[in-house]
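*Asks:* So you can see what is in the structure, the chains are spelled out below.
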Amino acid sequence: MNFNMNMRKFLLTSAVALSAVSAFAADNNAEVVTQQKSLLEKLDSLNAAVLGLKINGSAKAGGLVSIGNSDQYSSESPTQENQAFTDVNLRLSARPSSETMIDVQLRLHKDWQSAYDENNNPVIGHWFSYDGTILNKHVDFNLGYMRVGYTPLTIFTPQTEILQEPEIFAEKRREALEKRNLDTTSRRLLHGLNVVYNSGSLGVVDNVTAQLTGARLRNTAKKVDQVFFDFDFSDRYLLGARVGADAYGAHLGVNFVNVFDRKLTRRSKQIFDTDTVYYETNRVISVDAAFDSKKVLPTLPVSFGLDGEFAMSKWSVNRDYVVTKTKYGYELAQAVLKGNKVVYARESNVKYQDITNEEYRDEDGKSLFANLFVKGDIANVDFKVSAGYLQTDSTFWSELASSPVYQGGATILNANAMYGNSVDSLIMSVFGSSSLENLYFNVYNSTTLQATNLMTTNRTNALSSYGDAESEYLFTRLNNNYKNGHFYRNGYTATISKKLELDPLIALDPSVGLALPYGVATPDRKGITAKADANWDDKVFFNARFNMLTQTYAPSLGGLVPYEENKFTEFGVGLGVDIGALTNIDRTVLVQASFSSSKESAYLKRSATRFIAGLTADFWGPFSFLAGFQVFEKKFDNGVTLDQVQAVVNKSTESLVMAGVRVKLASLSYLSVQYGMLSNELNYMFAGVENKLSINKNVVAADVTVNF
Amino acid sequence: MKKLYQYTMILLAGVLGACSSMSVSDPYSDSFPADFDVNVYMALHPELRILQVKDYVSNQNAATEAAWAQQGLDAATLKANDEAAFKTNTTALASIYANPYLGGYNAAGWETDQADSTVLADLLAFNFIGTTEDLTELQNIPVNEFLISQQYIMFGQSHGWAYRLCTDAEAADLVNHPDRKTLKIDSLQRASATAEKAADAMKFVADTNLYCRDAAGADRVIQ
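Those protein sequence lines, which keep their order, are chains L and C.
Start counting the first sequence at 1; every next residue gets the next number (this note's numbering).
Start counting the second sequence at 1; every next residue gets the next number (this note's numbering).
None of these hints come from the bench; they were simulated from the model.
Any given hint could be a false lead.
When the alpha-carbon atoms are kept at most 30 angstroms apart in a straight line, the in silico DSSO-like pairs for lysine-lysine are as follows [said to hold, decoys possible]:
| id | chain 1 | residue 1 | chain 2 | residue 2 |
| --- | --- | --- | --- | --- |
| 1 | L | 526 | L | 599 |
| 2 | L | 635 | L | 499 |
| 3 | L | 327 | C | 54 |
| 4 | L | 338 | C | 181 |
| 5 | L | 341 | C | 3 |
| 6 | L | 341 | C | 79 |
| 7 | L | 567 | L | 314 |
| 8 | L | 341 | C | 181 |
| 9 | L | 605 | L | 539 |
| 10 | L | 341 | C | 54 |
| 11 | L | 499 | L | 366 |
| 12 | C | 3 | L | 338 |
| 13 | C | 203 | L | 338 |
| 14 | L | 325 | C | 54 |
| 15 | L | 341 | C | 203 |
To give an idea of the interface, some chain C residues facing chain L are shown, with a C-beta separation under 10 angstroms as derived from the structure [as the list claims (entries may be wrong)]:
| id | residue |
| --- | --- |
| 16 | 45 |
| 17 | 51 |
| 18 | 55 |
| 19 | 196 |
| 20 | 199 |
Rough simulated footprint, nothing fancy, chain C against chain L, three-plus residues with beta-carbon under 8 angstroms [to be verified]:
| id | segment |
| --- | --- |
| 21 | 335–341 |
| 22 | 403–416 |
Backbone N, C-alpha and C fix where the C-beta goes; we use that ideal spot for every residue, glycine too.
Bound conformation, chain C alone (with noise of 0.2 angstroms):
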């Protein structure tokens, strides 16, 4: 009775040992969709470098501030030359305002924005302080893909966000391929995002489909 208990014990560790695998799986290449491209992804939603760009600019120019005051400087004096000089540097600030990535603004509008203050003021987050030469600097910052492609596993999937172009025949296909605005999930999803509760808020449902987008800019289904 003892023996048979050894053995069974023996075979069932055998059992366990023949159908477990040793191979690690990646959990960074096994989230995303196959055909995952960050600098697709990007391209699909320039605004998630834009924020990265702002975010780094003013990082840059919180230590450099910082620098000034150790040194004993007026930071704020020299930040704001700094800032008038930027202003007036009109051949940059065209370049940066229609740059898909930076202002992201449509470059046949910068005849009337030029004048328009609350763009002035949203292309101010381009300033790198310290310097002139903002246009070189602003084109040298590094993208960071982890953020960008982790921002889709975070959010983007979830949020039904397309992370690809969509091929003729997907584009062609209305049937099997629907556009997201056209799915329940997408009213839902809508819904969670603009209510005034909290705890309507928390009806959160995540999307569980992937999407393409099309030539006209509708977000697709890929199945």
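Bound-form chain L, shown alone (with noise of 0.2 angstroms):
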């Protein structure tokens, strides 16, 4: 067991080391109860390591059915859509060594409706990574998938921050994140190789530290070249490097990362006469400074500190196009010229189509934060406090910083709904279904995929290709019992925008942060942040948040300027209480609450407010019972133009309920039933009219999860 001592040891140290960049990052959005309890989990996971093939996991089986309902469905609409499965997920690691271990995730989906269907269903492996701690331990390395997280204004992901999220909630988000292979950290989900080196203590130098980063962004699943390299045209490349030093608590930093397009992978496609390819380049280097007095001052009760980044980007944006040329010459032309033949030169011109390419884009600007904290254990009580300022240029973008992985807007329960009314349908479409549907749902189902289900059923469909010369009897009752289709619903994307193909929509949805959209890089913001954290004891939980950010370059609504400035001011508080453990009947009773409120003084005059309860309590023996109410308003007093419908979204109101008990069936397994429901009501204005879309969905939910 010398090897798990080891190990363990190593995991303090590295936890401890990492904490300056890692906690820095994640500790803007991630509750500390999340934190404390992921690292509890690492310590779990260590110790179970053994040398050798190791298989852990979920399985999960149950049903979901969702009933919708609403004035505006049309009367012959599908009202209810089910979902009944076994979702097994399964964690392969095997370890040649202590030193390095390889990770393959795989998850088998079996929906019941197709027990008899098929034979063989397909193992998605949704992730595989070659990890390891290698060099007597100063070379931490991840080689496949990875998460990695530089500094807020580098590599990091915006999370949605919701304070006191009861855990029926929270487990919903965690699971459907996961389906999307994303987590709750500031991590960021990537695809390639990454090197931390980790000196440890050099005298009075704590740590150095020095991390390089290479991956691949890929948009596309399938290469347009189907045997060559590995490479599609629209790839994107990403190189990031970090150095860093830590001496008597305090680190400094450097960290730059650059994101490009490649000119020749996307020339090796051709480019039609109406396309024009954009090519990004975004560079940003920025330098973190921190320092925690807990370091040099141990013995007092508090400490305090401060962390803050300055970073320079610079966005270039050239592109590409087709245009017509004309090449001139001479050529040799025969003529007649009264009555005989004179062959003569001339001047000729040839038109032809080339490839030209011009600069478009060319933006430096700058951003900085500094936040200032106290923090400390007195009677019990846990605190953090700290307040800080930002300002950001609107010139500054930073996309690997800048790219939430909430993306929101879709559909997820009762998809199969249709409207009576072709402009409800259409605010569906692009406006979106609730914020709350897709923060906390997501549908997973795996279909068998036949030439009559995936087409049509006639005489041709799309395997045959000749029509009536075929025979109709070739194609149709072509069972196909081997493949088996994933498809998902969900509102989570992994994928990073460049900035020109932002989805301007995802901003506008205050679920990711209303002030902060694209988290703390996001460009044109400048003003205070503060937040405070307490626990006592794990029996009373406080947070609070304070944000007022000026935004100087809002788009002006009808005004004679273009532009006008824009005030945000942002609160929220949160309580927990945990009764049982405050009473002393060695049971949890959390009861937790939550109000926050996001508001802008121009341009859309939206505002946000949020307002959450829940319960979470082991009653009796091995029954839990878990619930939770939440309300998520919008209003846009300026109203939201949707400019394909034409209408104009004033307000939406959305509440979710869900109550559920839970059973322990014995150890790591959970019997669960759940009733939740969902209601969402979108005010808008069309042709001069009020109008109202208003649905409701009631969830129903019963499942057994088995972790082992």
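Join the two chains, each given in its own frame, into one complex according to the hints.
*Replies:* Listed below in structure tokens is the structure:
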């Protein structure tokens, strides 16, 4: 067991060493509890680290029924959607030695409906990586899938922060993220190579770290060239590097990120006459600094410090398009002059198509933030209070720090519903379904693919190329008893969008953050942010948030000036009380509530308020009761004009109630029965008339989950 | 042995270097006979200039018509009016008719030819539409000497076109400077030019002689 001891020691030291960076990155969004939990999980998994092959995972079997009702549904619309499935996630970890590990994660999904229809269910492998800690534990590496976070202005994932989110909600959100290979940390999902060097203690310097990251950002799952090298013309490339040193509780680091399109790769595919192809390059260099007095004044119950970062970005775009050029020359021609043929030389011009490249955009910007914090543990109250200033130019752009994983806009449940009115239907497809539905629900199916359900059922279908020349029995009733396709509807994405390809509606959905939709790196913001978190002996939890930010160049609607100043005010408070712990009854009875509000003073005059209440109680023996209630209201006082619909959305009111019982069947095995009601009301103007789109969805879910 | 190989290579490189010339020859001037003069060549073959002028006028007219159409004007009517006016301007027509680089006709024939519709149609190719100052503009068209001289390289030389006038000595010496019409190459080329079968036309033999033109208008070998 010597090996386990070493690993544990390493994990503890590296956790401390990395906390300067990763905590610094994750701190902004993840709750203290979540962080502690994830650290404990890591320790557990390390304890279990054994040489050879190990299989862990989870299996979940159950069903979900969603019954939608709405006055706007057409009379013939289906109102019910059922899922009944067994979903097994397997994690295979193979350790050839104590230093390296091969990690493969697989998903098997069986829809009960197809129980008799196939004999082969494909296993989806969604994680392949080779990770290790080598060279006397100085070098960590990841090859393949990896999660990498540098700093809030370089590589970072802005997450949705919901204060005191009850477990019944948090678990649903985690599950939806997991189906897209994502998690709740601020690290970004990448695929490539990541190498970190940590020197360990070197005299006065506690640690010197250097990190190199290289990844391909892939936009498409299928290469255009099927057989040649591993590239597609739409692939983009990431090169990142980071160096840093820690001493006397202080950290100083330099981070660099370069994301770019490769012209030569793109040009390997033909550009058509009507195409314009944009090549973006985004470079960010930043200096980050942090200080924590704990190291130099360890005896004080309170420690203080600061962290901050200054970044400079360069975003440049050039584009290729086809132009008609004329090549001048001369040629021999024959003409008849007074009855005689004369051969003479004349000027000629030849028109030809050629690719031309021109500079399109070139913007430099700066961003800066600095936070002061005080934290400590006085009379069993563990607290951290921080306040800071941030200022980001409107021309600042850091792509890998500005792509949130929450995308929203999708209709997850009852997607089969049809609307009686084409305007309602269009609004649903453009503006999308409720934020709460996107935050907490996901649908995963595995469906048999065969000639008849993929395509048409009549004489011709996509497999038949000769139409009437083929027998009509050739492809009908041709069952493919082999292929199962995995399909999902999910509000999250791992895609990293280029600045020019950003969906403007993402920034409009305040589920990510009204004031900072793209995280700390959101362009054109300045102001203050403050937060406080306290935990009294794991009995009472308190959180408070306050942000006051200004956007200088907010688009002015109908004004005489093109831009106006927009002020954002955000605040949130949350309180959690574990009555069980308070009354020493040795059971968790956690009551949680939070309220948050955000609003802007100009532009669309949006405001968002969220109220949450929740209960997680182990009320009797193996039975737990979980409940959550959430109201989320988005208002657009100036209205969001949906150009595609010619409608103006003014308000969206959403609520979600969920309650359920969880029974612990055995160690790590649970039976869960839940009921939820999701309601979404959208007020909009169409052709000068006020309209309302109101949808209620009743969800009943029951499942058995086994972790192993 | 290794050293020997090395020295041999150095020697070889040295020899190659010493024998090579760094001067770059000019493919244009080198291709012409030393005494080629583009103005003389043009005077001997005025049809080259005439076709150049016709192309120029035609291009200009196309541009003018396009401009008219773009302005929403009735280009066809405007053109017809301009051509009618051109046909009535007999002074200008007579000058164009007799100019060796324009009409290229013999001035004496004007009296009879001015009623000849074929000749008039030919002269119409010298009408700039959109202006009445046709003659002045025709005389101001710059001579594209490059095209005239390139015609000699690309076609004239291989087809035995004379490029200068003969000296008196050359003109007098019919033995050393025979008439091209008496040479076999003349009949060979004539045969391929008038061949009806494509395969025969392909049997073109290039003329490798240089020719001058004597006072009688005969092309004579210079040698």
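*Asks:* Does each hint hold? Answer for all of them.
*Replies:* Structure-based check of each hint:
1. 526(L) to 599(L): 15 angstroms, holds
2. 635(L) to 499(L): 26 angstroms, holds
3. 327(L) to 54(C): 22 angstroms, holds
4. 338(L) to 181(C): Roughly 22 angstroms separates the two Cα atoms, so the pair holds.
5. 341(L) to 3(C): Violated, because 68 angstroms separates the two Cα atoms, which is more than 30 angstroms.
6. 341(L) to 79(C): It holds: about 29 angstroms lies between the C-alpha atoms, which stays within 30 angstroms.
7. 567(L) to 314(L): 26 angstroms, holds
8. 341(L) to 181(C): OK: residue 341(L) and residue 181(C) at ~19 angstroms, within 30 angstroms.
9. 605(L) to 539(L): 39 angstroms, violated
10. 341(L) to 54(C): 15 angstroms, holds
11. 499(L) to 366(L): Given that 30 angstroms is the threshold and the Cα spacing comes to 16 angstroms, the pair holds.
12. 3(C) to 338(L): 76 angstroms, violated
13. 203(C) to 338(L): 27 angstroms, holds
14. 325(L) to 54(C): Holds, at about 26 angstroms.
15. 341(L) to 203(C): 19 angstroms, holds
16. 45: 8 angstroms, holds
17. 51: 5 angstroms, holds
18. 55: 6 angstroms, holds
19. 196: At 15 angstroms from the nearest chain L Cβ, residue 196(C) fails the 10 angstroms test, so the hint is violated.
20. 199: Violated, because the Cβ-Cβ distance from residue 199(C) to chain L comes to roughly 20 angstroms (cut-off 10 angstroms).
21. 335–341: holds (count 4)
22. 403–416: violated (count 0)
The structure shown violates the earlier hints numbered 5, 9, 12, 19, 20 and 22.
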